[in-house]
Amino acid sequence: MNLMTERSLEKAVNDKMSAQVNTIKMQGKDVTVHYGEKQALFGVSLDVPEKMVTALIGPSGCGKSTFLRSLNRMNDTIEGCKIGGKITLDDEDIYNPKIDVVELRARVGMVFQKPNPFPKSIFENVAYGPRIHGLAKNRHELEEIVEKSLRRASLFDEVKDRLHEAGTGLSGGQQQRLCIARAIAVSPEVILMDEPCSALDPIATAKVEELIDELRQNYTIVIVTHSMQQAARVSQRTAMFHLGNLVEVGDTEMMFTNPTEKRTQDYITGRFG
Amino acid sequence: MSSMLVIVIVVAIGIVGFFLGRQRAVSKDDRSVKAHSLPHYHGWWVFLVSVLPAIIFIMVWAIGSGFYIERQAVNSLPVHNSESVIASQSLELGMVSGIARGLDKLTDQERANLPTTFSELRPLLSSKGVALATEGQDFMIPVAVQWNKSTARAHNIGAVVAIVLALAGAVFGLSGVNVRTRARNNVERIILWGLLAASTIAILTTVGIVLSMLFQTITFFQSVTPSSFFFGTVWDPRFSAAGGNGAQGQFGLIPLLAGTLYIALVAMLFAVPVGLFAAIYMAEYASRSVRSVVKPLLEVLAGIPTIVYGFFALVTVGPFLRDLSAAISGGYPFIMAQSVLTAGIVMGVMLIPFVSSLSDDIITAVPRSLRDGSLGLGSTKSETVRRVVLPAALPGIVGALLLTASRAIGETMIVVLAAGVAANLNINPFDAMTTITVKIVNQLTGDLEFNSPQTLVAFALGLTLFFITLAMNIFALYIVRKYREQYE
Numbered sequence: 003m004n005l006m007t008e009r010s011l012e013k014a015v016n017d018k019m020s021a022q023v024n025t026i027k028m029q030g031k032d033v034t035v036h037y038g039e040k041q042a043l044f045g046v047s048l049d050v051p052e053k054m055v056t057a058l059i060g061p062s063g064c065g066k067s068t069f070l071r072s073l074n075r076m077n078d079t080i081e082g083c084k085i086g087g088k089i090t091l092d093d094e095d096i097y098n099p100k101i102d103v104v105e106l107r108a109r110v111g112m113v114f115q116k117p118n119p120f121p122k123s124i125f126e127n128v129a130y131g132p133r134i135h136g137l138a139k140n141r142h143e144l145e146e147i148v149e150k151s152l153r154r155a156s157l158f159d160e161v162k163d164r165l166h167e168a169g170t171g172l173s174g175g176q177q178q179r180l181c182i183a184r185a186i187a188v189s190p191e192v193i194l195m196d197e198p199c200s201a202l203d204p205i206a207t208a209k210v211e212e213l214i215d216e217l218r219q220n221y222t223i224v225i226v227t228h229s230m231q232q233a234a235r236v237s238q239r240t241a242m243f244h245l246g247n248l249v250e251v252g253d254t255e256m257m258f259t260n261p262t263e264k265r266t267q268d269y270i271t272g273r274f275g
Numbered sequence: 078m079s080s081m082l083v084i085v086i087v088v089a090i091g092i093v094g095f096f097l098g099r100q101r102a103v104s105k106d107d108r109s110v111k112a113h114s115l116p117h118y119h120g121w122w123v124f125l126v127s128v129l130p131a132i133i134f135i136m137v138w139a140i141g142s143g144f145y146i147e148r149q150a151v152n153s154l155p156v157h158n159s160e161s162v163i164a165s166q167s168l169e170l171g172m173v174s175g176i177a178r179g180l181d182k183l184t185d186q187e188r189a190n191l192p193t194t195f196s197e198l199r200p201l202l203s204s205k206g207v208a209l210a211t212e213g214q215d216f217m218i219p220v221a222v223q224w225n226k227s228t229a230r231a232h233n234i235g236a237v238v239a240i241v242l243a244l245a246g247a248v249f250g251l252s253g254v255n256v257r258t259r260a261r262n263n264v265e266r267i268i269l270w271g272l273l274a275a276s277t278i279a280i281l282t283t284v285g286i287v288l289s290m291l292f293q294t295i296t297f298f299q300s301v302t303p304s305s306f307f308f309g310t311v312w313d314p315r316f317s318a319a320g321g322n323g324a325q326g327q328f329g330l331i332p333l334l335a336g337t338l339y340i341a342l343v344a345m346l347f348a349v350p351v352g353l354f355a356a357i358y359m360a361e362y363a364s365r366s367v368r369s370v371v372k373p374l375l376e377v378l379a380g381i382p383t384i385v386y387g388f389f390a391l392v393t394v395g396p397f398l399r400d401l402s403a404a405i406s407g408g409y410p411f412i413m414a415q416s417v418l419t420a421g422i423v424m425g426v427m428l429i430p431f432v433s434s435l436s437d438d439i440i441t442a443v444p445r446s447l448r449d450g451s452l453g454l455g456s457t458k459s460e461t462v463r464r465v466v467l468p469a470a471l472p473g474i475v476g477a478l479l480l481t482a483s484r485a486i487g488e489t490m491i492v493v494l495a496a497g498v499a500a501n502l503n504i505n506p507f508d509a510m511t512t513i514t515v516k517i518v519n520q521l522t523g524d525l526e527f528n529s530p531q532t533l534v535a536f537a538l539g540l541t542l543f544f545i546t547l548a549m550n551i552f553a554l555y556i557v558r559k560y561r562e563q564y565e
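The listed protein sequences derive, respectively, from chains F and W. Here the numbering used here is used: position 42 in the first sequence is 44, and no number is missing along the way. Here the numbering used here is used: position 434 in the second sequence is 511, and no number is missing along the way.
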């Protein structure tokens with residue numbers, strides 16, 4: 003117990019320190035999203051600080067996934083989706099017509115709710131991104147990238163003997179870490195995670211959470227989650243969404259101990275959602 | 078009594094049984110015990126037990142008595158010592174049944190003093206609108222009269238038995254109606270058997286088709302050795318005059334098989350890229366509104382009768398290619414109007430909707446999450462299609478292409494009109510070649526008995542074609558199934 007408090011205290015101190023140094027990586031200003039006639043987001047303004055984990059929480063259908071998907075323009079692939087407002091990456095408007103969407107998505111990678119490895123070998127799954135972006139000059143470099151990415155996703159030791167077997171043959175948790183490795187292999191600056199643990203069992207979830215905490219050293223992470231505990235465990239900042247609006251945003255520690263909004267408090271304590 | 082009337086009576090008994098059964102179930106239900114089945118299930122059960130056995134009996138009886146009467150007639154025909162007993166016997170039997178049908182049209186009075194010679198009978202029958210060939214013999218008349226008598230007798234017996242069966246079934250069903258009778262389960266079981274029968278019919282028909290071709294093919298192979306058929310390189314069946322059996326001819330399958338595969342290959346070379354690209358556009362790029370217009374339009378192409386494509390090849394594509402080649406070479410047309418190329422291109426056009434429709438379904442079935450995963454890594458749409466969607470869909474697409482190829486191989490009308498009839502063995506796509514299907518049509522058109530190798534070869538060809546396409550379809554289904562397992 004003593005140890006736990008000490009550790010969480012340490013975490014809080016770390017978090018606070020990093021919050022002070024970190025600059026804004028991505029910024030949303032008055033973001034609105036329409037799916038056809040239906041409006042899903044009503045003017046959301048949210049800053050994503052660099053090299054931190056920002057958690058988006060809120061009940062189902064509150065627009066948190068929609069906001070996440072507009073950060074790397076994945077919403078473009080949905081027919082009838084219109085986006086208003088402004089989203090910037092390093093102060094550059096990502097909805098500027100001059101922006102190359104493909105390049106943007108290489109900088110802002112994404113991990114999905116359900117593990118979705120390609121029906122290829124483990125190696126080919128990770129090598130996919132580097133190959134299309136020409137990140138490796140030769141086979142040797144490619145192998146290096148793959149190994150490094152798998153190591154960062156703490157999967158390498160589990161799969162090093164079967165790199166050329168199908169990625170779909172891994173367990174659910176391994177598949178999700180493979181998808182994270184695949185995203186890392188492109189060297190993105192931001193990684194978006196859409197409920198990455200919702201299809202995983204508690205042990206696999208613990209591994210992925212541990213991984214997210216490590217990845218914070220190098221990457222800016224935005225994670226959508228349904229689990230309050232998960233938000234509390236892995237994030238330094240938390241944004242609470244409700245009915246397409248941003249209710250409240252702040253340091254995770256503060257959000258969970260002393261939320262200013264009543265709706266946040268009700269949601270966190272499980273009174274609705 | 079006509080069979081139609083018998084069936085109507087049987088069904089009427091069944092309907093009455095239905096109402097009586099329902100009535101009885103209602104009256105027996107005194108609410109002291111919970112009834113097992115709703116009243117209408119009792120009604121249906123009575124209907125089924127009275128109608129089904131009777132109908133089945135009528136069918137079996139009709140087939141069985143037909144055979145019996147024919148055997149009887151054959152036995153009463155005088156024995157011949159002709160060379161081909163089977164052929165003359167079947168001819169005589171045909172004559173007898175013709176006369177018997179004619180006798181049916183006569184009035185009772187005319188039938189009472191029937192002429193005893195065929196030459197007298199013939200004008201009498203033709204005045205009734207029954208035309209007979211001249212080869213009739215006097216001895217056939219009594220056989221025909223006997224034929225008619227036994228037919229009528231068999232018919233009457235059948236009708237009586239069927240009606241008795243229906244009544245017995247109704248009584249049996251009605252006597253079984255009780256509060257706790259499981260009529261619902263009984264009806265369920267009959268429905269199961271009915272569905273099973275429906276699915277068996279298709280399979281049995283296929284077996285029947287194969288068997289009917291198989292026996293003719295075996296007869297064919299008695300006069301031509303299998304090796305000279307399967308490995309012969311010359312197709313020259315040499316039609317001889319009917320009856321004469323001097324000229325034998327050569328029946329080499331190879332030129333026909335080569336032509337079939339060559340034309341199918343040209344067609345696939347044309348249809349696969351176009352169809353596949355159309356499918357990719359439709360599945361990956363087209364907006365919903367474009368898709369809702371273009372997809373049905375493409376599928377309309379699949380509904381055009383192939384003979385229309387044949388015309389198109391014959392009057393438009395063929396002459397166009399010939400004139401084009403003449404213009405290119407400056408006078409001499411090196412593409413013939415009827416050629417492998419013409420048939421292949423037009424057949425390719427016919428196959429486009431098949432390729433695109435099947436591939437579209439398969440591409441759409443690739444999970445969206447795979448596309449999202451690839452796009453989320455920063456790849457373009459076409460990279461996603463090439464590197465993720467198509468490899469994932471490949472086994473299914475290969476299966477679809479095999480199904481299409483077996484269509485191309487079995488296609489008849491286009492090649493009949495556009496490919497030519499010369500059984501050449503060459504590799505020049507601008508020349509005419511012919512296919513298995515064209516030759517089947519050629520060998521079977523005309524008024525011929527199925528007893529010479531010239532006509533029987535059509536069955537051997539048909540069976541060969543059947544096995545080629547069957548093998549391809551089985552292979553295609555195997556691949557498609559394997560592909561399906563991937564996402565389970």
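In short, the hints are calculated from the structure, not lab data. The beta carbon of each residue, even a glycine, is placed where N, CA and C say it ideally should be. The reader is advised that the hints may include incorrect statements.
Stated by the list, open to error - With a straight-line cut-off of 25 Å between C-alpha atoms, the simulated DSS-like cross-links for lysine-lysine are:
| id | chain 1 | residue 1 | chain 2 | residue 2 |
| --- | --- | --- | --- | --- |
| 1 | F | K209 | F | K116 |
| 2 | F | K100 | W | K458 |
| 3 | F | K84 | W | K458 |
| 4 | F | K53 | F | K162 |
| 5 | F | K122 | F | K139 |
| 6 | F | K122 | W | K559 |
| 7 | F | K116 | W | K559 |
| 8 | F | K122 | F | K100 |
| 9 | W | K458 | F | K116 |
| 10 | F | K122 | W | K458 |
| 11 | F | K122 | F | K31 |
| 12 | F | K209 | F | K53 |
| 13 | F | K100 | F | K88 |
| 14 | F | K150 | F | K116 |
| 15 | F | K116 | F | K139 |
| 16 | F | K116 | F | K100 |
| 17 | F | K84 | F | K100 |
| 18 | F | K31 | F | K84 |
| 19 | W | K458 | F | K139 |
| 20 | F | K139 | F | K209 |
| 21 | F | K122 | F | K88 |
Claimed, not checked - Reference listing, derived: stretches of chain W covered by chain F, where coverage requires no fewer than 3 residues with Cβ under 8 Å from a Cβ of chain F:
| id | stretch |
| --- | --- |
| 22 | 182–193 |
| 23 | 412–426 |
**Request:** Give me the numbers of the hints this structure contradicts, sorted from smallest to largest.
**Result:** 4, 8, 11, 15, 16, 20, 21, 22, 23
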